[in-house]
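Just remember that the working numbering sits 185 ahead of the position in the first sequence, which is counted from 1.
If you're looking for bench data, these hints aren't it; they were derived computationally from the structure.
Certain hints may be false.
Straight-line distance between alpha carbons at most 20 Å, and here's what the computed DMTMM-like set of lysine to aspartate or glutamate pairs gives [said to hold, decoys possible]:
hint	residue 1	residue 2
1	Lys496	Asp571
2	Lys326	Glu280
3	Lys605	Glu342
4	Lys212	Asp354
5	Lys670	Glu691
6	Lys611	Glu270
7	Lys505	Glu422
8	Lys611	Glu280
9	Lys505	Asp477
10	Lys496	Asp477
11	Lys605	Asp354
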Amino acid sequence: MPSMRLSAYPIVNLKEVPADAEVVSHKLMLRAGLIRRLSAGLYSWMPIGLRVLRKVEAIVREEMNRAGALEILMPTIQPAELWQESGRWEEYGPELLRITDRHERAYVYGPTHEEVVTDIARRELRSYRQLPVNFYQIQLKFRDEIRPRFGVMRSREFIMKDAYSFHADEASLDEGYRRMHDAYQRIFTRCGLSFRAVHADSGSIGGTGSQEFHVLAASGEDAIVFSDGDDYAANLELAPALPPPGGRPAASAPLTEVATPKAHTIADLVTQLGVPASQCVKTLIVDGAAGDLVALVIRGDHELNAIKAQKLPGVANPLKMASPDRIRTELGAEVGSIGPVGLACRLVVDHAAAALADFVSGANKPGFHVTGCNWGRDLPEPVTADLRNVVEGDPSPTGNGVLGIARGIEVGHIFKLGRKYSAAMKAEVADENSQPLTVYMGCYGIGITRVVAAAIEQNHDEAGIIWPDPIAPFKVLLVPMNWLKSERVREVAERLYRELDAAGLEPLLDDRDARPGVKFADGELYGIPHRIVIGERGLDAGVLEYRHRRATDNEEAPLEGLTEFLRERIRQSSTGPA
RNA sequence: CGGGGUGUAGCUCAGCCUGGUAGAGCACUACGUUCGGGACGUAGGAGUCGCAGGUUCAAAUCCUGUCACCCCGACCA
Numbered sequence: 186m187p188s189m190r191l192s193a194y195p196i197v198n199l200k201e202v203p204a205d206a207e208v209v210s211h212k213l214m215l216r217a218g219l220i221r222r223l224s225a226g227l228y229s230w231m232p233i234g235l236r237v238l239r240k241v242e243a244i245v246r247e248e249m250n251r252a253g254a255l256e257i258l259m260p261t262i263q264p265a266e267l268w269q270e271s272g273r274w275e276e277y278g279p280e281l282l283r284i285t286d287r288h289e290r291a292y293v294y295g296p297t298h299e300e301v302v303t304d305i306a307r308r309e310l311r312s313y314r315q316l317p318v319n320f321y322q323i324q325l326k327f328r329d330e331i332r333p334r335f336g337v338m339r340s341r342e343f344i345m346k347d348a349y350s351f352h353a354d355e356a357s358l359d360e361g362y363r364r365m366h367d368a369y370q371r372i373f374t375r376c377g378l379s380f381r382a383v384h385a386d387s388g389s390i391g392g393t394g395s396q397e398f399h400v401l402a403a404s405g406e407d408a409i410v411f412s413d414g415d416d417y418a419a420n421l422e423l424a425p426a427l428p429p430p431g432g433r434p435a436a437s438a439p440l441t442e443v444a445t446p447k448a449h450t451i452a453d454l455v456t457q458l459g460v461p462a463s464q465c466v467k468t469l470i471v472d473g474a475a476g477d478l479v480a481l482v483i484r485g486d487h488e489l490n491a492i493k494a495q496k497l498p499g500v501a502n503p504l505k506m507a508s509p510d511r512i513r514t515e516l517g518a519e520v521g522s523i524g525p526v527g528l529a530c531r532l533v534v535d536h537a538a539a540a541l542a543d544f545v546s547g548a549n550k551p552g553f554h555v556t557g558c559n560w561g562r563d564l565p566e567p568v569t570a571d572l573r574n575v576v577e578g579d580p581s582p583t584g585n586g587v588l589g590i591a592r593g594i595e596v597g598h599i600f601k602l603g604r605k606y607s608a609a610m611k612a613e614v615a616d617e618n619s620q621p622l623t624v625y626m627g628c629y630g631i632g633i634t635r636v637v638a639a640a641i642e643q644n645h646d647e648a649g650i651i652w653p654d655p656i657a658p659f660k661v662l663l664v665p666m667n668w669l670k671s672e673r674v675r676e677v678a679e680r681l682y683r684e685l686d687a688a689g690l691e692p693l694l695d696d697r698d699a700r701p702g703v704k705f706a707d708g709e710l711y712g713i714p715h716r717i718v719i720g721e722r723g724l725d726a727g728v729l730e731y732r733h734r735r736a737t738d739n740e741e742a743p744l745e746g747l748t749e750f751l752r753e754r755i756r757q758s759s760t761g762p763a
């Protein structure tokens, strides 16, 4: 990529951030002038931002090619017929931007390309001997998000690398999936990011296996569960909560009704009755699949896991909380004082709640709760299930170690699709007996634009961005002091700029007539990892000053052989992500 | 979609309640001083007050409509 002189760069960076920026990456990208907003969820990439984007793309492209995938480019606009054929014209909902051309023909602006690529496959692929094959592209997508936010992190238009593999059998699909998994590991490692591959819910796209790749960052939107005992990692939605070890303690207290005026929450109970939340039980009423109601019982200190709950037989999917009116008329209870005792409703009890003795719950009577409640004595032995989110310290489902929870930003997702699209769209090849064989598919995405934002979320400080070397827009920032007046500084700076440029170290020369403080501050905002200061002071001693963006002190750098010096520093800072 | 909020200079915002013909800081231009951690002075340019209608002698300000943008919301038992 070409190097650059800042005097030729017209984009002014901002001291104050536009009021609508909430997350750091959005603020910093705006401040540094990497992106500019055009409209809700639509951003232009400015020169320096584009450089970063291109670097990520280049790494992705190299690793996809290395993994044997073939790059193609499919249109962003797709005919509605394909979506009608796959069934997603109805399924996809308002996120799908539907457009009509001058002939009143229906199109969509593609939010993803399964249909188009499957269409390519069924036209081009004739024989099982052409399999397996993996087509990928790096292309714009559009998803009409209800509420685009966080800048480029959740925008409506974004750049995605999407790959689709086609296989003759499941073993081949497994193998292709594994290759993509390995390629993703290499991609995010090469980007210099700290990340985790986690087991995921395959959700609406369907299919059998799926993993998400998350960049770890405190501001991440997703909770990721991982074990300290092995490499188990999963989405919070998916992590199973094991039943507590050991049996249930014996009942020791009598069932007692207590007045609890104005206690509507577990927190109220804790303060009014002086019991820990873990001795309370909450009873949530949800719609059943058959139009009935189902009561879900979990411990007071736990949270309901909607994904787990809606997978229960007899529970409406998607999960829907019952309306207070229905609860009143059909169960004769008020929200806020519901309990399992004597409730005229099917009960499903979380393992942890089922292991309680002498617990507290609602009395199904406004203003009253019951204490000393016991399964098998005051009410039947419960039907149990896993209903809750795991919490820190729960045992790992693999049996090794305990679980911790971290936050992550989803930047990649790999799926085994199976035959969902190939069957719907008749993507068939001839098998060894010339019989039609419906192909197996996998799909693999990386949010390229989101990777850029995630890299910033993970790597920044008060002063600005700290790019990992491999995706930094420039590797080296040259800051000449007293640029206008000192001919000596100017000569050295020019020489070094040409030298570093020729060596491929992508220098950015700050040749603006600006005060040093401004140059330093801007350099830190931009996050250029390696900085060289050229000043009279150093030149007198025959040296330059070097400082890594993460360092707090300067060190000497040689005037002669600077290229080698920097190569070594770059090697060091590229080896390990922070 | 429901609820709330905001549209005034490139950016951040004041002015609106109580109508009288538009301001500050940053940014920008010119000159001078300054110059190793976001300088200072002087002078200056820049705004259809989102848009349309209405009320009024007079509207950024009041009324109606409209558009755009932002925030919150399905974990309450």
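Quick rundown of the hints versus the structure:
no.	hint	verdict
1	Lys496 x Asp571	holds, 10 Å
2	Lys326 x Glu280	holds, 12 Å
3	Lys605 x Glu342	violated, 26 Å
4	Lys212 x Asp354	violated, 47 Å
5	Lys670 x Glu691	violated, 26 Å
6	Lys611 x Glu270	holds, 10 Å
7	Lys505 x Glu422	holds, 16 Å
8	Lys611 x Glu280	violated, 26 Å
9	Lys505 x Asp477	holds, 12 Å
10	Lys496 x Asp477	holds, 16 Å
11	Lys605 x Asp354	holds, 14 Å
In terms of the numbered hints stated before, the structure departs from hints 3, 4, 5, 8, listed from lowest to highest.
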